[in-house]
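> Going line by line, the protein sequences match chains G and E.
The numbering of the first sequence is my numbering, which starts it at 1 and goes up by one.
The numbering of the second sequence is my numbering, which starts it at 1 and goes up by one.
In case anyone wonders, no lab produced these hints; they're calculated from the structure.
Take these hints with a grain of salt, some might be off.
Have a look at the derived ranges for each label pair, beta carbon to beta carbon [unchecked claim]:
| no. | chain 1 | residue 1 | chain 2 | residue 2 | range |
| --- | --- | --- | --- | --- | --- |
| 1 | G | 13 | E | 42 | 43 to 49 Å |
| 2 | E | 110 | G | 59 | 27 to 33 Å |
| 3 | E | 108 | G | 111 | 30 to 36 Å |
| 4 | G | 17 | E | 96 | 36 to 42 Å |
Below are the DSSO-like pairs computed for lysine-lysine, each with C-alpha atoms no more than 30 Å apart in a straight line [said to hold, decoys possible]:
| no. | chain 1 | residue 1 | chain 2 | residue 2 |
| --- | --- | --- | --- | --- |
| 5 | G | 57 | E | 71 |
| 6 | E | 61 | G | 57 |
| 7 | G | 13 | E | 49 |
Idealized CB from N, CA, C, for every residue including glycine.
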Amino acid sequence: KAGVTQTPRYLIKTRGQQVTLSCSPISGHRSVSWYQQTPGQGLQFLFEYFSETQRNKGNFPGRFSGRQFSNSRSEMNVSTLELGDSALYLCASSLSSGSSYNEQFFGPGTRLTVL
Amino acid sequence: AQSVSQHNHHVILSEAASLELGCNYSYGGTVNLFWYVQYPGQHLQLLLKYFSGDPLVKGIKGFEAEFIKSKFSFNLRKPSVQWSDTAEYFCAVEGRSGQNFVFGPGTRLSVLP
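One chain only, chain G, in its complex shape:
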């Protein structure tokens, strides 16, 4: 079956703009998590959505937001972009959330560059 897909794969924006990234989970997966990956900070958890509800949130400012649709697809939005937002944004899907089995499958990521 198809893996996790993320669009777009690459994005260039300027400071102050906003951006929306999209993630389509593996069919049947209801949980979607977002991560930011940078050379300096590594992989940092942004938030997790399950059944259209945000279940967990990492320590990121309110400029970072997300949502999940009824078909489990998820979008992440970053407003008022800053240079430090340049990163690889990864989406991961899993069957469920908060269970004892929560293997995550990762997408290829969206490489965001802020100029």
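Guided by the hints, dock chain E onto chain G, whose structure is given.
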């Protein structure tokens, strides 16, 4: 709060050498443990996972990891590395009570042919 540390930032080995990458976590409850690998230009893939039972778990490509509860450790091992094992390796912890994943900072492994 959960945290994960990985002992080495960058490990350089020759082919056929043995590998051990350290991972320690801090968390007060029961956890699920994972090792992920990211090959150059590819996305994160699961190497192996521990949920319960035998603390020695075997994963893909000859990797194994041992969960030592008393040491809060989950070290990754491979008896003989290959050039194709060159990648970045991430240890991750998930609290059983539904807490989010926490990843370690990663260890870059370079295997010299």
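> For each hint given before, does the structure comply? Return the numbers of the non-compliant ones in rising order.
1, 3, 6 and 7
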